[in-house]
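Each chain is listed here by its residues.
There are 2 protein chains.
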Amino acid sequence: MTCGTVHGVGLGPGSADLMSVRADRLVRSARHVAYFRKAGKQGQARRIVDGMLRADVVEYPMDYPVTTEIPLHDPRYAQSLSGFYETCAAHLRALAEGGEDVVVLAEGDPFFYGSFMHLYTRLSPHVPVRVVPGITGMAAAWAASGQPITWGDDVLTVAPATLPEGELTRRIAETDALVVMKIGQNLAKLKRAVAAAGRQAVLVEFAAMPEERVRPLEDVDSAPYFSIALIHGQGRRP
Amino acid sequence: MTCGTVHGVGLGPGSADLMSVRADRLVRSARHVAYFRKAGKQGQARRIVDGMLRADVVEYPMDYPVTTEIPLHDPRYAQSLSGFYETCAAHLRALAEGGEDVVVLAEGDPFFYGSFMHLYTRLSPHVPVRVVPGITGMAAAWAASGQPITWGDDVLTVAPATLPEGELTRRIAETDALVVMKIGQNLAKLKRAVAAAGRQAVLVEFAAMPEERVRPLEDVDSAPYFSIALIHGQGRRP
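Residue numbers (my numbering), protein chains in the order written: chain A, 1 to 238; chain B, 239 to 476.
Keep in mind that a hint or two might mislead.
Quick list of simulated restraints, FRET-style, between CB atoms [as the list claims (entries may be wrong)]: (1) Gly-473(B) x Met-1(A): 32 to 40 Å; (2) Arg-368(B) x Glu-167(A): 50 to 58 Å; (3) Arg-54(A) x Asp-312(B): 43 to 51 Å; (4) Pro-224(A) x Pro-313(B): 44 to 52 Å; (5) Arg-192(A) x Arg-368(B): 31 to 39 Å.
Calculated Cβ distances over 12 Å to all of chain A for the following chain B residues [said to hold, decoys possible]: (6) Gln-282; (7) Ala-378; (8) Pro-454.
Just so you know, the hints here were simulated from the structure itself, not pulled from any lab data.
C-beta atoms are modelled at their ideal positions from N, C-alpha and C, and glycine is treated no differently.
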């Protein structure tokens, strides 16, 4: 029997028509589709492909055992997630070894942060895994902002707002262009860091989604999960 | 008469099926298509859409007046390019003001480096301009490398190899994950900077194209224009 392939498919930032043509074709023809979600929610990845799946599709939702209930640096967090990824990977591996292709839905790009990578490292030694790159959430965010992010020889830094405040401030001060992800509970810290670095940022919420909104970061008091802060580069422009 | 729209359309990294569904639709239905190229060449953007254009399409190739003949910091370089962008923008503006929609083909993502941005700033005060984000060359490069680029709280730095060697070395030493673009003539300098920073990098040539190739940077003696160096992040992975 020929082994099936696990496809890690980047869905792009949130609008179905910002999926690549290759991703669109794989999603529409898939017999097996797997995706992460918070337990009890539909999840963003599954929402993006709504109305695109085959009538006889077999869905494998992967419900995170924890999200924010256990702090990130508590050893129980890593243990719980590690067991979860092992279980998910074993299921997908068994499907592939049984000759089935599987599409794993990944928001944005599969190799740029995100959870698919934890399956990839567990699966790729055993079964064929192919990755379809996707449009990142940050690319949708800078498109929404109406300004190019990098010009000429600009340096771009992508940093998570989870960094310690001092490091965040230093990174913001030392870069030409900036993207900050994972804002959520770190919004107040990020605002202080941007101000301390003497820079101006915008916050893009729900880029490429119907609720898309762009505001100066300093005007924002709470940030949803799908929000990205940007500082635009000012490099060479003939 | 209703004014037409100029669409800055990200074509992705080089394979036609890595264009977004939205880009694919715009390209196939366009009556007017514009693209940059080196004089005398077809150009990468035009190559990607080969076979997709309407039979009655009107093409507007924009031939760069200079590429590497004049050094980047010579004032004549900026003057020559500035006049060129003005001419191109005036042509596209006239089309839009005459009621025509125009698709400007942009490799990768239109707001991430690249030439479209120089038209955007000149056109957007006068006529409607819409940007369709695209899959970046770097996303295709890290997919080709077979390893995720960023994990957990990794910081990613995107730097052009045109930076002075000391700054390049410092940026490489201080980041978790790295992407280097604009390598070409700067390959030897980049190799020294990576070694001085004590890091290991891979070079991805022609990502998402038939000639795709991945090698340790230290083994490489010359780099084509479409090459990107990567250092993979080593962040949290439960």
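Review point. Hint by hint, which ones does the structure fall short of?
Key: 2, 3 and 7
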